[in-house]
Amino acid sequence: DAGVTQSPTHLIKTRGQQVTLRCSPKSGHDTVSWYQQALGQGPQFIFQYYEEEERQRGNFPDRFSGHQFPNYSSELNVNALLLGDSALYLCASSPGPLNTEAFFGQGTRLTVV
Amino acid sequence: AQSVSQHNHHVILSEAASLELGCNYSYGGTVNLFWYVQYPGQHLQLLLKYFSGDPLVKGIKGFEAEFIKSKFSFNLRKPSVQWSDTAEYFCAVIRPGGLFSGGYNKLIFGAGTRLAVHP
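Residue numbers (this note's numbering), protein chains in the order written: chain A, 1 to 113; chain B, 1 to 119.
So here's chain A without its partners, still in its complex pose (with noise of 0.2 Å):
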């Protein structure tokens, strides 16, 4: 049974591009969740995607963007890319928007010059 699956694991794009992170939920998981976590510090939430549609969003700027598809995979988009995007990017995946439990791939490493 896979988990968590992210593509790719390591990025490094230049200041003002974009770039588009994906994401493959566990099997049975029909909810995403995406968090951004800089070095030294905790996984902060971006946003959560259920049925095709933002149900919640952290404190994030319109560059950051995403999408769900109908077979529950996931996109973050981020747009015009500053230094200070660059950090590791992680996917969970719930059975649920209210279940409890997150399952978390190993995440994407954006590195921005």
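Note that these hints are calculated values from the structure, not bench results. Among the clues, some could well be false.
Said to hold, decoys possible - Straight-line Cα separation of at most 30 Å, DSBU-like style, residue types lysine-lysine; simulated pairs:
hint	chain 1	residue 1	chain 2	residue 2
1	A	26	B	49
2	B	58	B	69
3	A	26	B	58
4	B	58	B	71
5	A	26	B	71
6	B	69	B	49
7	B	49	B	71
8	B	71	B	61
9	B	61	B	49
Assemble the complex: chain A is given as a structure, and chain B must be docked to it using the hints.
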């Protein structure tokens, strides 16, 4: 603002020493509490969780945590650590909500505690 505080950023112990990592949260009312662990090069894994009932919760790998409501705390403990416990530990909180109350669940994490266990 809603927050989770972890008191120690770095902890260094020798094998067989006892461990206690502090965690405090700033919400009133009902909360769900978690400890996650991140071993080097691996994904975040759930160690244990508290929803209700017995405030002393046992998790995997010999870890336990105690919920003290009056102190807004959920400290993680292990009587005797091993070298393989070297990892980063995160405390996290959810305030349960409902679909129609706008309270979709989101985990709020502390900054983490990096534990190094020396043989």
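- Task: Give me the numbers of the hints this structure contradicts, sorted from smallest to largest.
- Result: 5
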